[in-house]
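*Asks:* These protein sequences, in sequence, are chains C and D.
Per my numbering, the first sequence starts with residue 586, numbered consecutively.
Per my numbering, the second sequence starts with residue 45, numbered consecutively.
Incorrect hints may appear among the rest.
Said to hold, decoys possible - Stretch-level coverage of chain C by chain D, calculated; a stretch enters the list once three of its residues show a Cβ under 8 Å from a Cβ in chain D: (1) 587-600; (2) 608-616; (3) 638-651.
What the hints assert, rightly or not - Between beta-carbon pairs, the in silico distance windows are: (4) C:Val668 - D:Arg735: 30 to 38 Å; (5) C:Val668 - D:Gln854: 30 to 38 Å; (6) C:Thr660 - D:Arg446: 43 to 51 Å; (7) D:Arg459 - C:Thr660: 51 to 59 Å; (8) C:Arg652 - D:Lys192: 45 to 53 Å.
Worth flagging that the hints you see were computed from the coordinates, not collected in a lab.
Owing to the predicted nature of the structure, the values given are computational and were not obtained by experimental measurement.
Beta carbons are placed, not taken as given, at the ideal position from N, Cα and C, and that holds for glycine.
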Amino acid sequence: MGRWFTRMGLLVFAFGLGTYAFGWWVVAAIALAWGLVAAQAPRTPIRAAWAALIAWALLLVLPGLMRAPTFSFATQLAHSMAVPTWALWFAELVFPFVMAWSAAAVGAAVNGGPLPGTSPANRFPA
Amino acid sequence: MSQVRGNFDGMSNRPVRAIVGVIVLAGTGWAGFRGVGPVPPLGLLLDPANGTWSAALHARLPRQAAARMPALGDSVDVRYDDRGVPHIFAASEADAYRALGYVVARDRLFQMDLMAHAAAGRLTEWVGPRALPLDRQVRALGLPRAAKQQLAAMDTTGMGWRMLQAFAQGVNAYVANLPPARWPVEYKLLGVKPSRWAPVNSLLLFGRMAWMLAYLPDEEARQAARAVVGKAAAEALFPLDAPIVEPIQPTGATGPQYRFVKLPPPGRPDTGARRLASLLRGIAPPGARAGQDPRHLASNNWAVAPARSATGHALLANDPHLGLTLPSIWYEAQLVVPGTLDVYGVTIPGAPGIVLGFNRDVAWGFTNTGADVVDFYRETVDDSTSPRRYRLDGAWKPLAIRVEAYRGARGQVLRTDTIRYTHRGPLMHRFGMWVSMRWTALEPSDDIRAFYDASHATSAAGFLDAMAGSFLVPAQNIVAADRAGTIAIRSTGHFPLRPRGTDGLQIFDGSTSASDWTGYWPVARYPQSVNPAQGYLASANQQPVDPRQPFAYLGDERAWDPWRALVINQLLRGHDSVTVDDMRQFQVNPLSVRARLFVPHFVQAAAAAAAAAGGRDSVSVRAAARLLAHWDDRYTRDNGASALFELAMRNLRDGVWDELADSTGRRAATPSDEIMLGLILQPGSPWWDDRRTPAVVETRDDVMRQALVAAYDSLQARYGRPGAAGWPWGAVATVDIPHLLGLTGFSRDGLVTDGGNGTLNPAPAPGGGSHGPSWRLVVDLGPTIRAWDTYPGGQSGNPASPRYADRIPQWLAGQLSPVLAPDSLAGLPAARVMASLTLRPGGN
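Chain C with its partners taken away, still in its complex shape:
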């Protein structure tokens, strides 16, 4: 379990740092790489998706906790785009989720991901 958390934490960190340093598209690159590397592990795409979502959520929330007007700006931005604020937050989280899931799925498929019925014991250790 600890290993699982460590891997997940590293993945979140990679998504966060990559996004911060290079931009949003890095999510797809990291997820693709993760899919290739962890192709045999269970739920590789969905794990990448959640990690990307958490990374982006942290990138938004942490500055907000340090006095950046993230939340009031979200309201302004959503209003400007004629969508409810929750819809903006939803899109904000769904976008990296879908991008990471699809990229990891492609990576896993390219490298031969697990087939149905594969014994968990044979999979990449969680």
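Model the placement of chain D on the given structure of chain C, informed by the hints.
*Replies:* Using the frame of chain C, we list chain D on its own:
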């Protein structure tokens, strides 16, 4: 759920899983890079670190920052005070203007870039074909070409040129080192990137400002009216001289002069006038074409001599009324170069210099003069569809031909236009004829030099002379006051000298050079005054000179109603010891002279109706008359009668000017309320009869009563039964300050303030609007100049910044902030320094 997820996650068919993954990835990639339909690229929109959210991450200026600028001669210290105003301390003027470019870009980059694109007719490059009508109009008028020609004609050793270059270097130093994460949010929403700043952009902005302020609708309105009711009636409805006169150049009179004339009855239509009306409509700026009244772009300024001021020093006030936007039109800054330059005030983001403000000796303010500076010429051309030459004095002259290409966001050509020019200006094809246009806004000028020289003036007279030397358009009533106690005003700009016996109200024969302007008025002829006996000077866009004085045609003198001029003159006459706070209160004074003049007539019409009905008149008319009779004619936000009065006036215009409806049924033009007031004094005029009711001949009192009752009933239908005092003005008429892109979340709408139509503090009519005082300044010119100001917005262009709209509450309340204007870095109180920036030479 987990089972579903598990099945999906472990999709049994690997190729299918790969295909689905590729499709979804490609879809997110496409949406991320290109956007979907109206949605901008999602990547930059949603990226939490480098996308739109970075506006929130960088909402505040860092406490300390440093940057390098290659062109800088020496280090420059910039200190931002607690109002977000940068104070620039430089060793040379060129460095000061470089730093100004840098700090303006730092706060307002998108605004200046957008304005430059709009002024250059290049908005399609950002937003595609929907901007084509705007871009085509700008280029057809020749504004971008004129700016390029002006730049090419500048003296490259002069200060105007050097300021332009220095400012552009400052902007570009900022842009060059700006990572995408720091791009203003609007770039990310539009999916575009910041452009390098070309020196010509500053000239384009001045050209655009000239376009906005030099266009006035009255000449067009007169021609449109003439097309419907004939020449005599049109000239009486839209007279060149104002019927109510209290001019800018004092006459010695102690009050306004009322000179109403009898309105002739509607005459036969003059269809030829429609051509000139259409030509004039073709040059109207976007706001006017969209139905906004350009007369809202008005202003107040006044100066009080030491003998009438409580401080014993000259006092000066200015509040330019413009279309309000966020980010604000103005940006406040101070530039200090020891021993050379010390100027404080506001600049238009993108303009290299302070436009309105003060230096150590002089303060100044502008209002729009509204001169007629555009004429049309019917040209004879060699080919009616694709001319290459035009006839002048019996010879064929080549047309200058320029092909304008409009490009889309990816550089593709969306459309091309061929624009032709005679020696007068751009050539247009209208009503089967070719017409060229001459306009002072397209003539060579050196506005930058004018502001540079003026910022160094040491006296009011010196300031006015500096402006008169190079500032040509749009003509402005410039008031100045100095520490020596001099107050002065001059209507400054290029006023054309036309061929003898002509004015600007006709289409000239273009085939002869005898139709051309012969020059411009000499400065000595400009309307002006220095230290008048009355002890004050005031302009509120009213007629500059009493029309009874020998005077040549300047333009449409009654373009603006006189109400604000009447109020400020009344207030200044009534105070012989004006304080600084009086000046502030005058700027937000809600008294309406217009209401004071009209209300008794409405009340009298209601009383006449009651008498005629033997007391059986309607409840509405009695209630409405009671509300107006108890009103103090002040447009305070909680007064209950001004909404009723405004709607009654609107109904009155609709009821009276029915004769001005054109063949489509729309009113071709609307005479001013001054004319309406004169008509009220002519109860037997045929204009009172409503032609839409042929069986009845309406009287003046009928029409006024009906207007009042309809206003009362419509307010009751919309807002419910009135309270004891009526319907609060603040609930009916509000101010909207829209974002430049019209993004509602970045706008401030439904703001409540005092003021209304014709008050010194103008505010929109019922239904709302977005014009008003764009800046308010009061200056006390004592041994040490003190000043107070505010504007409806904030210093930052970042919507997430606390400085984006922080001054709006103060502006709404009619309050001002004391200005911090130290003469040296050491004079800046450390406690009021919120951020610092050091610019050093070097870098790329």
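*Asks:* Does each hint hold? Answer for all of them.
*Replies:* Here's how the hints hold up against the structure:
1. Closer than 8 Å: that is the beta-carbon criterion, and the region 587-600 of chain C has 0 residues meeting it against chain D, so the requirement of 3 is violated.
2. Chain D is given as covering the region 608-616 of chain C, and this holds because 4 residues of the stretch bring a CB closer than 8 Å to a CB of that chain, at least three being needed.
3. Only residues whose C-beta sits within less than 8 Å of a C-beta in chain D count toward coverage, and the region 638-651 of chain C has 5 of them, enough to reach three; the restraint holds.
4. Between Val668 of chain C and Arg735 of chain D the beta carbon distance is about 50 Å. The supplied range of 30 to 38 Å is therefore violated.
5. Distance hint for Val668 of chain C and Gln854 of chain D: a CB-CB separation of about 32 Å, consistent with the stated range 30 to 38 Å.
6. Separation of Thr660 of chain C from Arg446 of chain D is about 47 Å and conforms to the stated range, judged on CB atoms against 43 to 51 Å.
7. Checked against the given bound of 51 to 59 Å, the beta carbons of Arg459 of chain D and Thr660 of chain C, roughly 39 Å apart, lie outside it.
8. Taking the beta carbon of each, Arg652 of chain C and Lys192 of chain D are about 46 Å apart, inside 45 to 53 Å as hinted.
Violated hints for the displayed structure, listed by number in ascending order: 1, 4, 7.
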